[in-house]
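S.K.: Each chain, written out:
2 protein chains.
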Amino acid sequence: MDRDNKVSITVIRRLPKYYRYLGDLLRKGINRISSQQLSKMTGFTASQIRQDLNNFGGFGQQGYGYNVDELYTQLGKILGLDKSYNAVIAGAGNLGQAVANYKGFEDAGFKVLSLFDKNPKLIGLKIRDIEIRDVDEMGDYIRRNNVEIGIITTPKENAQDIAEIYMKSGIKAIWNFAPADLKVSDEIVIENVHLNESLFTLSYFLNNKSDYSRD
Amino acid sequence: MDRDNKVSITVIRRLPKYYRYLGDLLRKGINRISSQQLSKMTGFTASQIRQDLNNFGGFGQQGYGYNVDELYTQLGKILGLDKSYNAVIAGAGNLGQAVANYKGFEDAGFKVLSLFDKNPKLIGLKIRDIEIRDVDEMGDYIRRNNVEIGIITTPKENAQDIAEIYMKSGIKAIWNFAPADLKVSDEIVIENVHLNESLFTLSYFLNNKSDYSRD
DNA sequence: TAGATTGTTAATCGATTAACAATC
DNA sequence: TAGATTGTTAATCGATTAACAATC
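In order, the protein sequences belong to chains A and B.
So that you can map any letter, position 77 of the first sequence is 77 in our numbering, and since no number is skipped, the others follow by simple counting.
So that you can map any letter, position 176 of the second sequence is 176 in our numbering, and since no number is skipped, the others follow by simple counting.
Do not rely on the hints blindly, as some may be mistaken.
No distinction is drawn between identical chains; accordingly, a pair holds when it is met within one copy or between any pair of copies.
[Said to hold, decoys possible] The list that follows gives simulated cross-link-like pairs (lysine-lysine, DSS-like), each with its CA atoms no further than 25 Å apart:
| id | residue 1 | residue 2 |
| --- | --- | --- |
| 1 | LYS6 | LYS121 |
| 2 | LYS77 | LYS121 |
| 3 | LYS183 | LYS83 |
| 4 | LYS17 | LYS103 |
| 5 | LYS40 | LYS83 |
| 6 | LYS172 | LYS183 |
| 7 | LYS209 | LYS83 |
| 8 | LYS168 | LYS17 |
| 9 | LYS83 | LYS121 |
| 10 | LYS126 | LYS40 |
| 11 | LYS168 | LYS103 |
| 12 | LYS28 | LYS172 |
| 13 | LYS168 | LYS77 |
| 14 | LYS209 | LYS6 |
| 15 | LYS77 | LYS118 |
| 16 | LYS183 | LYS121 |
| 17 | LYS40 | LYS121 |
| 18 | LYS40 | LYS156 |
| 19 | LYS28 | LYS6 |
| 20 | LYS172 | LYS121 |
| 21 | LYS83 | LYS6 |
| 22 | LYS83 | LYS118 |
| 23 | LYS6 | LYS156 |
Keep in mind the hints are simulated off the structure, nothing from the lab.
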C-alpha cells in the first residue's frame, strides 16, 4: 500500500459504496469487474474509480479488470471491516433501538454490547438480548468491556455530556446522531449523522428542482 | 436573488448548519453576527461563509455583519422551511417509528400523516397519533392526501418496490434510509441516509487516525 | 497476436482561500 | 471620522476527467 500521503475524505466516503456493490456482485457469483462496469453501477466515472483504488494499491490487472473477491476483501481491510468492534449506545429511544436492532451492523463486525438510558422505565428492558442499563453505569461498563465505539442517540441537550463520558472512559470513536457538534479531544474520531441537515437538503431540492441532479 | 446559475451541492449542504447555528443565536437573543464569528462556530472559513451566502443575495451589511433574525429567515426560505409538507413513512419498524416520533421534523414543517407496513401486527397501531396502515393502501392514501415526501425505512429488499409506489402516486421527494440506490424518474428528488456508509467511514478513520481531521 | 483495461500522468474544472475596495 | 466587515475579484489549491503507454 502506498500510504505515504493522507487519502482525502471525498475518496474515503466513496469506498463504502464500492464495497456494497462488490458484495452484491460476489453474492451473484460474478468474479470479474472492470472500472467501466463499476462506473455504470455506482455513477462515479471509471477514471475516478481507478484513481480512488490506486490510492491504496494496484488491485487490478491490465486487460482484465478487477477480481471481485479480492477487491472486496481488500476494501474490507481498508475500511477496517476485517476486525470486530464493541459498541455501546447512549439513548435507548426509538433511534437507539433501531440501531441496536439493525442486524447489518453486527454482520459487519460492530457488536452493540449494551444500551444506556436515564429513563427508569427503560432500564432493565432488552432489545434483542441487549440490555438497557442506567447511564450512570456507562463509564464503568465501557472501561470493563473494551468498548471502542460510542453511539449517541440521545436528544441534543444530552449529547455533549454523553460525549464527555465517552471521552473520559476511553472511547475511540463516536457515532453521533444528535443534531449538535460535539467538542471532544482530537484523538477521538467523530462521525455525524445529522438527519435534520439531510432533510433540509431534501427540502431545498424539492423547492429548487432545477438545481438538482443525482449526485 | 441572483439565481441564474445552479448553486453547487457542496454549498447547499452547508446551509442547514448555518441555519442551525443561527437558530441557536436567535434563541439566545443575539441579533448580530459576523462571518468571522460564524466561522468560529461552524468551522467553515469566514470567506467561505460570505461566498456561500452571496450565492443567494447580499444579506449582510459592511461594517456590521449579518442580522441574525433576517439571515435565519432568509435561509429558512431558501431551504423551503417556510412552507409545510405532508409526508408518509413506508416501514414502521424501529427506524420508521423513530422518524415518526421525532418532534423536530414536525416543528420544521414536515408532517408525517401516516406510516405503512405489511406486518399485520403493526397495522392499526398508533405512533403519537399517527396510524400505521396497510402498505397496500399506500398509493391511494398518497393521492388522496396531497403527500409530497415519501420516506423509506424498510429493509433494502423492499426499497425499490416502495419507490415505485411513490413514483406512481405522485410523490415529489424520497428520503431513503435503505442501503440501496433507488431507480426513479429524474423529476423525483432523492436524499439518501446511508447509515452503513457512515459507519464504515467511521471504521476507516478509527483504523487510520492519521488520515483523520475534523471536517 | 489483437483486444481490453489498468495505472498513471497531464489537462481541466471547480471549490476554497486570500485580498481588498466599497461602504456602513 | 475611524473601525469593522461585507461583497466580490483574483489566486491558489484540490479533485475530477481525459488520455495513453504499459501490459495482461
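S.K.: Taking the hints in turn, state whether each one holds.
M.R.: Status of the hints after comparison with the structure:
In this assembly of identical chains, LYS6 and LYS121 lie within 25 Å of each other by CA distance neither inside one copy nor across copies; the values are 47 Å within and 50 Å between. For a Cα distance limit of 25 Å, the shortest separation of LYS77 from LYS121 qualifies neither inside one copy, at 41 Å, nor across copies, at 41 Å. In this assembly of identical chains, LYS183 and LYS83 lie within 25 Å of each other by CA distance neither inside one copy nor across copies; the values are 28 Å within and 33 Å between. For the homomeric pair LYS17 and LYS103, the shortest alpha-carbon distance inside one copy (19 Å) is at most 25 Å, but the shortest distance between copies (31 Å) is not.
Taking CA atoms no more than 25 Å apart as the test, LYS40 paired with LYS83 passes in neither setting, with 30 Å inside one copy and 37 Å between copies. Proximity of LYS172 to LYS183 under the C-alpha cut-off of 25 Å is restricted to the intra-copy arrangement: shortest distance 14 Å within a copy versus 37 Å between copies. Only between protomers do LYS209 and LYS83 lie at most 25 Å apart by alpha-carbon distance; the minimum there is 16 Å, versus 42 Å within a single protomer. When the C-alpha separation of LYS168 and LYS17 is checked against a cutoff of 25 Å, the pair qualifies neither within a copy, at 34 Å, nor between copies, at 28 Å.
Taking the closest pair of Cα atoms, LYS83 and LYS121 never come within 25 Å of each other, the shortest separation being 35 Å inside a single copy and 37 Å across copies. Neither within a single protomer nor between protomers do LYS126 and LYS40 lie at most 25 Å apart by alpha-carbon distance, with minima of 43 Å and 42 Å respectively. Taking CA atoms no more than 25 Å apart as the test, LYS168 paired with LYS103 passes in neither setting, with 29 Å inside one copy and 31 Å between copies. Proximity of LYS28 to LYS172 under the C-alpha cut-off of 25 Å is found in neither arrangement, the shortest distances being 36 Å within a copy and 33 Å between copies.
Proximity of LYS168 and LYS77 under a CA criterion of 25 Å is satisfied in neither setting, with 29 Å inside one chain copy and 41 Å between copies. In this assembly of identical chains, LYS209 and LYS6 lie within 25 Å of each other by CA distance solely across copies; the values are 10 Å between and 36 Å within a copy. For the identical chains of this complex, LYS77 and LYS118 are neighbours neither inside a copy (37 Å) nor across copies (38 Å), given an alpha-carbon limit of 25 Å. In this homomeric assembly, LYS183 and LYS121 never come within 25 Å of each other (Cα to Cα): the closest approach is 30 Å inside a single copy and 43 Å across copies.
For a Cα distance limit of 25 Å, the shortest separation of LYS40 from LYS121 qualifies neither inside one copy, at 50 Å, nor across copies, at 40 Å. Proximity of LYS40 and LYS156 under a CA criterion of 25 Å is satisfied inter-copy only: 20 Å between copies versus 40 Å inside one chain copy. For a Cα distance limit of 25 Å, the shortest separation of LYS28 from LYS6 qualifies neither inside one copy, at 34 Å, nor across copies, at 40 Å. Neither within a single protomer nor between protomers do LYS172 and LYS121 lie at most 25 Å apart by alpha-carbon distance, with minima of 30 Å and 40 Å respectively.
Taking the closest pair of Cα atoms, LYS83 and LYS6 come within 25 Å of each other only inside a single copy of the chain (22 Å); across copies the shortest separation is 43 Å, beyond that limit. For a Cα distance limit of 25 Å, the shortest separation of LYS83 from LYS118 qualifies neither inside one copy, at 31 Å, nor across copies, at 36 Å. Taking identical chains as interchangeable, the C-alpha atoms of LYS6 and LYS156 are never at most 25 Å apart, the minima being 32 Å within one chain and 33 Å between chains.
Violated hints, in rising order: 1, 2, 3, 5, 8, 9, 10, 11, 12, 13, 15, 16, 17, 19, 20, 22, 23; the structure is consistent with all others.
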